Structures are given as structure tokens and as C-alpha cells.
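K.L.:
In the order they appear, the protein sequences are chains A and B.
Under the working numbering, read the first sequence as residues 1 to 303, first letter to last.
Under the working numbering, read the second sequence as residues 1 to 303, first letter to last.
Hints in this document: simulated from the structure, not taken from any laboratory.
Hints are supplied without guarantee of correctness; some may be wrong.
No copy labels: a pair is met if it fits in one copy or bridges any two.
Unchecked claim - Below, a list of computed lysine-lysine pairs in the DSSO-like style, where the Cα atoms sit at most 30 Å apart:
#1 235 with 75
#2 114 with 277
#3 277 with 75
#4 277 with 235
#5 235 with 114
#6 75 with 114
Remember, predicted model here, so these are calculated numbers, not experimental data.
Protein chains: 2
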Amino acid sequence: MSRNVKFLVLSALAFLSASALAVTHPSMPEVLAAATPADWRGLDPDNTLYVELPGGRVVIELAPRFAPLHVANIKTLVRARYFDALSIIREQDNYVAQWGDPDNRHPIPAGVGKVAPEFDSPTRADVPFTRLPDGDVYAPEVGFSDGFPAARSPSLHRTWLAHCYGMVGVGRDLDVQSGSGAELYVVIGHAPRHLDRNVALVGRVVKGVELLSALPRGSAEMGFYTKTEVPTPIKSIRLAADVPESERSNLEVIRTDSATFTALIESRRNRPEDFFKVPAGHIDLCNVPIAVREQRPAAAHSS
Amino acid sequence: MSRNVKFLVLSALAFLSASALAVTHPSMPEVLAAATPADWRGLDPDNTLYVELPGGRVVIELAPRFAPLHVANIKTLVRARYFDALSIIREQDNYVAQWGDPDNRHPIPAGVGKVAPEFDSPTRADVPFTRLPDGDVYAPEVGFSDGFPAARSPSLHRTWLAHCYGMVGVGRDLDVQSGSGAELYVVIGHAPRHLDRNVALVGRVVKGVELLSALPRGSAEMGFYTKTEVPTPIKSIRLAADVPESERSNLEVIRTDSATFTALIESRRNRPEDFFKVPAGHIDLCNVPIAVREQRPAAAHSS
Numbered sequence: 001m002s003r004n005v006k007f008l009v010l011s012a013l014a015f016l017s018a019s020a021l022a023v024t025h026p027s028m029p030e031v032l033a034a035a036t037p038a039d040w041r042g043l044d045p046d047n048t049l050y051v052e053l054p055g056g057r058v059v060i061e062l063a064p065r066f067a068p069l070h071v072a073n074i075k076t077l078v079r080a081r082y083f084d085a086l087s088i089i090r091e092q093d094n095y096v097a098q099w100g101d102p103d104n105r106h107p108i109p110a111g112v113g114k115v116a117p118e119f120d121s122p123t124r125a126d127v128p129f130t131r132l133p134d135g136d137v138y139a140p141e142v143g144f145s146d147g148f149p150a151a152r153s154p155s156l157h158r159t160w161l162a163h164c165y166g167m168v169g170v171g172r173d174l175d176v177q178s179g180s181g182a183e184l185y186v187v188i189g190h191a192p193r194h195l196d197r198n199v200a201l202v203g204r205v206v207k208g209v210e211l212l213s214a215l216p217r218g219s220a221e222m223g224f225y226t227k228t229e230v231p232t233p234i235k236s237i238r239l240a241a242d243v244p245e246s247e248r249s250n251l252e253v254i255r256t257d258s259a260t261f262t263a264l265i266e267s268r269r270n271r272p273e274d275f276f277k278v279p280a281g282h283i284d285l286c287n288v289p290i291a292v293r294e295q296r297p298a299a300a301h302s303s
Numbered sequence: 001m002s003r004n005v006k007f008l009v010l011s012a013l014a015f016l017s018a019s020a021l022a023v024t025h026p027s028m029p030e031v032l033a034a035a036t037p038a039d040w041r042g043l044d045p046d047n048t049l050y051v052e053l054p055g056g057r058v059v060i061e062l063a064p065r066f067a068p069l070h071v072a073n074i075k076t077l078v079r080a081r082y083f084d085a086l087s088i089i090r091e092q093d094n095y096v097a098q099w100g101d102p103d104n105r106h107p108i109p110a111g112v113g114k115v116a117p118e119f120d121s122p123t124r125a126d127v128p129f130t131r132l133p134d135g136d137v138y139a140p141e142v143g144f145s146d147g148f149p150a151a152r153s154p155s156l157h158r159t160w161l162a163h164c165y166g167m168v169g170v171g172r173d174l175d176v177q178s179g180s181g182a183e184l185y186v187v188i189g190h191a192p193r194h195l196d197r198n199v200a201l202v203g204r205v206v207k208g209v210e211l212l213s214a215l216p217r218g219s220a221e222m223g224f225y226t227k228t229e230v231p232t233p234i235k236s237i238r239l240a241a242d243v244p245e246s247e248r249s250n251l252e253v254i255r256t257d258s259a260t261f262t263a264l265i266e267s268r269r270n271r272p273e274d275f276f277k278v279p280a281g282h283i284d285l286c287n288v289p290i291a292v293r294e295q296r297p298a299a300a301h302s303s
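Just chain A, same shape as in the assembly (with noise of 0.2 Å):
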């Protein structure tokens, strides 16, 4: 069978199962195209990030609820500019983009500081927390919080945010307060969540990890670029709430305490589509996509 015809039957059979079980067991776009503009959020512009590579923009939301200290350490930077100019340093295959300024080409502006680590913090019973029944490896409980994946110990009373793919962490050194936010990655392979509990988390990639993720890597150790290798400059590192609103990416989120994502959960757990001969069954924390779209003009001032 070519090619062409082989992908009609696939969407044909694809449409026609779908149409089947539309009611009882949704396929991901179902459950999707169900919802309704209150499954949505938009990004609040106070805690987005822009970063504007020689590709395109990468879009990061900000967790200030996880990593107050930190996610002001950024902003700061950030609002100095201070990471204009400077480059992806390191690329580490199946594992993480990073950049900083190892050269110290950019003074550090008043105010940044070492900070307390917010490498976990207390469960808050007003923090919303969906609770993902499949289990973890790494953790009593796993469940979405805030929007971002995240894991919390009911006997240690402490919730913490889980590194899965486009996450994005602080980088330090051996001390657990030298990470101010001046050096940040992203997770860009299979989710490394032994980091989970030594590092500040201080948000997700939304849109665009694409850009940071096939990036040539760098062959020195632990994927830093040799002097001989050409880093992938960063052009600039805007707060969306300084850039221009028509020059905005205007995304909305899915709310991760909606009955909508639940109702996606389920249709990545049992997926219906006919190509699945076996259902998992089960779903890994950092499987689960928070689903992101672009903002639809009636909903732009409802959220």
C-alpha cells in the first residue's frame, strides 16, 4: 500500500473509531474539542518568559507558587537584560539545554542573591492538587498542581514539581543556595527525576522546546559546548509583560483541575485510537501533556 493511501485509511478508520466511541471513552482531540473556555487559562504575562532564540520563541511559564525566591531572582535578570546576548552553553543529550554566563560577561544586578533552595515546600490544602492514581517510581504521590506535574509525600507534608520533559530548573554548584536563577535548563530527554527534590523548579515550557531540544550537542563533558563548537546565541529574555501586547504569544493552558483534564488523562492511559492493540492501562506522571493552544479571540479577555 503507498504511502498517500496508507494515511487515508489511517484517518479514515481514525475518524470512523472515534465517531464510535465518542460518548463513553474520547480520543485526546475528542476530549479537546469537548472543552469548554473554562478548561482554559491563559498565561498570566507577570510570570511568562520569552525566550527569543535564532529559531523562534520559546514560551516558559513561570511557578511562583513552587519557587517564590527564585522566579524574583529571574524576573530581576531578566528585567536587567542580563541574559541578552548570551548563549545556550550546554546541550546534553536525553537530558538537558542550559545557559548562563560562565564568563562572567554580565554583572549580576542588586538584589539577585543567594536564596533559601525551594527545592520542595509545604502542601498547601488551597493549592489544588490532581492526583494521578497510576503511581510513581520516585514518589508516594504524583499529580498536576498549578498546572505542572508534580509529587508530594503526605508524611513529610511536602509537594514538589517533578522533573518531566520542558522543564525548566536552576542550575548549581555543590551548595544548595548557589542556584540564584542566573544559570536555568530545560529537560530535553526521558525525565531525569533524580533531580527531583535537589533542584529548584521554576516552571515548564509551554510552547517551542522544540527550539532548545534539536539543538546540536555539545561534545565536551556532560554536553557543554568545546571552544571550537558554536553556541546558539540567546537574542533576549523578555517578561511578556514588557513586550508589547501585539507582540505577544497568546496561548491558554489546560486546567489541570478540570474535569476535561482528567478526561484527557484517561485517553492517554486507554487510548482509543484502533491502532493501540493493548491498552497501557497506565500512565507515567511525565506522559500526561498538559495541552496548550493558541488563545481563541472570544476568549481573550474571559480568563
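Go by the hints and put chain B onto chain A.
P.N.:
Same frame as chain A, now just chain B:
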């Protein structure tokens, strides 16, 4: 106890335990340095593929024990030079790189046809299975078999390979018998374990996966390239046995049924390095590195 004091105490304990237990709880480099030649095995040239890309060579170890029919097909395709001058046709972020012949440019060689699915196989008492005691979200038991990440069900008496980073699978249509081996993919993102038992896995990239994972992402649906995007050409795919010895990649892989490999797992489960303040205590199947090294001259004829 304040958070800072806690961390100091933890650090002190981590430091003390790392120092005191250096012999019993070594780091991964220490584990590998202490390995004996018997802990390593050479690759079988009859079951090793070289995918030659413009950026270099990708080395794939085939898994004939788990997918003998598909591996036989792939060898026939390779020996007919079926893949030569084809392209990487799909590059989907956090998912797969894939190649094949969607335009039917090359004839399928005689002898390559539909085969049984080979998505799993009967659990064999004579094949070692080094069980990982850490648990798993997807399968009742996971571990390593014949050098590959694997899972099994005691009740079903079935074993299957697991979709970890770098694993190589056979693309197929809806029909479970439609995957001949003429279309192959490599996992380049967080383990898509929902594909386990739905696709025939036929091997693992043991070197050069970054030559596939760092390619530009395709912008059509599912990461396929559009007509205007220039896909990466495949110069050739060869069986190592068909390549002159002087041009072979002489690699060795750690034996996954060795005590050294068990020690390696522990070195990653509870990392002794000072950077880690809270040891993970557990490890996910797909986070265990299956170590590969250049074959040492002295060992060249000992495996």
C-alpha cells in the same frame, strides 16, 4: 528543625556516608572502573547495524531473541541496500525519529513480507532477566534481558522489550502484521511506554543516538517533514558483518546479568555524588544507563 539546618544535616550525612561507604557504595564511574573484562561483551557483527548519516554513524544492536522474524526481514532489507539513499522522514519532538520509503522508491526485496507481530514472546527460563525491584507504572515486572530494557508478566508468562530512549521499533499500519521492518523508528524522548506490546521492538541504539535526536523537527502532523523541508539523507545502512573489520565500530556493552550492572543500578538509584542532597531511593527502568565503551585492544579477541 529549620529547613537550612535540615539541609546541612542531610549534606553532612550524605558526605559522611559517601566517604565511609566508598567501597560498598561507589559512583557509576567507580563501578565501571572496577569492572572486569568478563562484565563486558562485544557486539555480534551479525546483529549490529551501522546507519551512516551525514553527521556520522549510528550503531544499533539488534534483538533477534525478541523479534527474530522482523530482525531477519531487516537483515534482508539491509543486504539488498533497501535503505540506502532513503531519508529520515519523521522527526517528532519528544517522541521518535523514523525512516522508510513512503514514496515507494525502492522495491521490497524477495523474502520480506508480512510476519507475526512479535510484540511480546513467551517468558523463557533460559534467558536471564535481571529484575529491577523499583517497580514500574506500566508492567508487573521490569528489568533487563539480553542487554535490553524489558518487562514481563508472570501471569501471562510473556516478556517484551520496553520503549526506552534509543530503542528501535518497527513502524506499522493498523494491521498488526503490516510492519515488515521496512520502516523503523528510534525513541528520542520520554519513554513512550504505551507503545509496549503494540509494536515490535527490534533493537537499541548503542552509539550515536544524538545524530538522530538533534535533527530538525518536522512541521507536518506527527513530525513528518513537509514538502519544503529537506530531510536528512541516509547514506547507507549496513550489517557490521558486511563491513571490513578495519571499518567497524568496536564497542562493548555491559552485561546486564552481571554483579557490576547491579552495582551500576545502585550507583544511579542512590547517587553518592555530593551534588545530590536527597537520594532518589528508586530508579525508573528507562533511567538506567546500559553502559557502552570502546572495545579495548586486549579484549578484542576475548569476547
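K.L.:
If a hint holds in the structure, say so; if it does not, say that too.
P.N.:
Verification of the hints:
1. 235 with 75: within (17 Å within a copy, 47 Å between copies)
2. 114 with 277: between (53 Å within a copy, 18 Å between copies)
3. 277 with 75: between (48 Å within a copy, 27 Å between copies)
4. 277 with 235: Answer is neither; intra-copy 47 Å and inter-copy 35 Å both fail.
5. 235 with 114: within (26 Å within a copy, 51 Å between copies)
6. 75 with 114: within (15 Å within a copy, 58 Å between copies)
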